Amino acid sequence: MQKTTDEKIFSMAYSKMVPMLIGFVLATNTVSLTLQRLSIVEEKSIYDNHANKRRISNAIQELEYKRKIEAFEEKIKYCK
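Read in order, the letters of the sequence shown correspond to residues -9 to 70 in the working numbering.
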């Protein structure tokens, strides 16, 4: 049984379409995962930056409290 021209074109298009669709799905998934990873890295770096600022701020505040405590201790020594 001989195939008509339309059947040959459909068969050829179908045999090329499936690998192209698989390639398209793989490519879009790869791009999506890459963008997701970049977003996560960016968010993590922003969080780390803010965390470092908080640590520095807390350390400065702790030093100020220590200075105040030392000043009060010296005042108490003079009062005795």
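Incorrect hints may appear among the rest.
With a straight-line cut-off of 25 angstroms between C-alpha atoms, the simulated PhoX-like cross-links for lysine-lysine are [to be verified]:
no. : residue 1 : residue 2
1   : Lys67     : Lys43
2   : Lys56     : Lys43
3   : Lys56     : Lys67
For each label pair, taking beta carbons as the anchor points, the in silico distance ranges come out as [said to hold, decoys possible]:
no. : residue 1 : residue 2 : range
4   : Glu32     : Lys65     : 32 to 42 angstroms
5   : Met7      : Lys34     : 52 to 62 angstroms
6   : Asp38     : Lys6      : 40 to 50 angstroms
7   : Ala3      : Ser29     : 33 to 43 angstroms
8   : Leu25     : Ala3      : 44 to 54 angstroms
9   : Ile36     : Lys65     : 54 to 64 angstroms
10  : Arg27     : Met7      : 40 to 50 angstroms
11  : Leu53     : Ala17     : 50 to 60 angstroms
12  : Ala3      : Asn42     : 39 to 49 angstroms
Hints were generated in silico from the structure; no laboratory data involved. As the structure is a prediction and not an experimental result, all values here were calculated from the model. We treat Cβ as the ideally placed atom computed from N, Cα and C, and that holds for glycine.
Hints, verified against the model:
no.	hint	in the structure
1	Lys67 <-> Lys43	36 angstroms, violated
2	Lys56 <-> Lys43	20 angstroms, holds
3	Lys56 <-> Lys67	16 angstroms, holds
4	Glu32 <-> Lys65: 32 to 42 angstroms	50 angstroms, violated
5	Met7 <-> Lys34: 52 to 62 angstroms	40 angstroms, violated
6	Asp38 <-> Lys6: 40 to 50 angstroms	48 angstroms, holds
7	Ala3 <-> Ser29: 33 to 43 angstroms	37 angstroms, holds
8	Leu25 <-> Ala3: 44 to 54 angstroms	32 angstroms, violated
9	Ile36 <-> Lys65: 54 to 64 angstroms	44 angstroms, violated
10	Arg27 <-> Met7: 40 to 50 angstroms	30 angstroms, violated
11	Leu53 <-> Ala17: 50 to 60 angstroms	54 angstroms, holds
12	Ala3 <-> Asn42: 39 to 49 angstroms	57 angstroms, violated
Of the numbered hints stated above, those contradicted by the structure are hints 1, 4, 5, 8, 9, 10, 12, listed in ascending order.
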